[in-house]
Amino acid sequence: MFYTIDILGTIAFAISGVLVAIHKKMDLFGILIIAFVTAVGGGTLRDLLIGNTPVGWMQDITFTYVILASAIFAILFRSKINYLRTSLFLFDTIGIGLYTLIGIEKGINAGLHPIICIALGTMTASFGGVIRDILCNEIPVIFRKEIYATACILGGITYFLLSKSPIENNIVFIIAGVVVIVTRILAVKFKIALPTIYKE
Amino acid sequence: MFYTIDILGTIAFAISGVLVAIHKKMDLFGILIIAFVTAVGGGTLRDLLIGNTPVGWMQDITFTYVILASAIFAILFRSKINYLRTSLFLFDTIGIGLYTLIGIEKGINAGLHPIICIALGTMTASFGGVIRDILCNEIPVIFRKEIYATACILGGITYFLLSKSPIENNIVFIIAGVVVIVTRILAVKFKIALPTIYKE
Amino acid sequence: MFYTIDILGTIAFAISGVLVAIHKKMDLFGILIIAFVTAVGGGTLRDLLIGNTPVGWMQDITFTYVILASAIFAILFRSKINYLRTSLFLFDTIGIGLYTLIGIEKGINAGLHPIICIALGTMTASFGGVIRDILCNEIPVIFRKEIYATACILGGITYFLLSKSPIENNIVFIIAGVVVIVTRILAVKFKIALPTIYKE
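Chains as they are written, first to last, in full-length UniProt numbering: chain A, 1 to 200; chain B, 1 to 200; chain C, 1 to 200.
So here's chain A without its partners, still in its complex pose:
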């Protein structure tokens, strides 16, 4: 089941990459690269930082196929993709919930401090979008107005608080994932954003 959600998240991230790249008037190759980088960038950074090489997507060809298929789909149906916006947002949100927890788990397995694990989970979930924005020559959107990463951090904190309770590990995992997803959905619904600090 985790694997299925991972694939759904990959699809959502790849499609978001395609849309940004088309908007930037990139050629076909550029679009595919941005789709790819958006989908696997977070996991790649995580694997590099903890020394888990060759990095994940290089060892399971399925992700490459899924990303290529999603990108082609998004290119062909780009004018109709607005109808899918809600589904995409849902995939994306479930995806970051899962990616956060995968990152945390890999951090725990590498024997790292809980705070570092949460940072690793947040990077896994958000870094693909950061690289996408850098390659497109934009200030990364998550640094400006999304509550994206905050949701990941709250989920991570929940995970570590509950993991000391007698609750079973699988259930803690699910609760933490739900915290990420619900925080994100509420933030978007009610337009909650972190405060900006202008220079005085």
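Hints are supplied without guarantee of correctness; some may be wrong.
[Unchecked claim] Straight-line distance between alpha carbons at most 25 Å, and here's what the computed DSS-like set of lysine-lysine pairs gives:
1) B:LYS25 / C:LYS191
2) C:LYS24 / A:LYS191
3) B:LYS25 / B:LYS80
Think of the hints as simulated: they come from the structure by calculation, not from any bench.
Computed from a predicted structure; not experimentally measured.
The hints should help you fit chains B and C onto chain A, whose structure is shown.
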């Protein structure tokens, strides 16, 4: 012979870095860094992703000397470098042909899927230019109008198709390299480019 | 004592990140990330290139606490931080002196060529600022007008020249660090900069 071509490719990449950096009004140090990054960036990313550390250029000081010498040459003769444009284009093109195949071979040695190997080869050949453009605050040129990466991918596919034939491995290597080089030259000569997809 | 200086350097780098991020109108999360990346970016690149994973800051939680505290301090007292400008410049300068030497030492331990070690030291000291500028969508400042990296390189050369003399290693270390610091201070005081080469 491969080593010679590798050096020629390094020279061409370093000089291309210098020219872009001068155009961006960078100082001497900035120019040297951009030359260096353009020349070794692709191989560095490849080595990091497959966990081959310390990365290549750190283990063979020759590349550092070649890059420094090329950069100094390019800075001194910058106003005359136009006369060398054809030679540079040739070095560069032969360079990407070779870099693609080096990347593919490292991927095979790491036991990766052929598609991943082709991706690795393409990255080896093209990522130096991508970092150069990011550091210079441009959208990477290969995402916009070059057929650069497509040439690498075609060469990679040729390699894997022929490697299952009874043709000797060395000759397959050469044929695949020639495919990269010829594709690139034809594309530039006839101004072939991948289609762009504007947002509707 | 080295550890103390390392912490002081981290504080200075984190605060410089906060100031740039506020200027770019980032939200709270963006500011924290930029502070973090500025402070640990150089060491992270160094550790990745030599294969020292999990990278340094993941193995010592102190740095994370120091960066968070510095960032919060800088955000709260942002309007008064001008009074601290001299202290910050001093921390920062001592920091790059030390970071350069830490990088060189790690290179020596990995059995690398002196020139590569100096490059590694310079990267350790300067790459945090490079990533900060890329994430903020600027051409990195060290490529344009700072003598920053030159100071690191001079310090590195001093280290290797003296390390062949009979002078004790600890003292060589201190002299090289002082060379970095003094070069930087003199360059700023007398507005020395590397020449820029405009395209003709």
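Each hint tested on the structure:
1. B:LYS25 / C:LYS191: holds, 18 Å
2. C:LYS24 / A:LYS191: holds, 21 Å
3. B:LYS25 / B:LYS80: holds, 18 Å
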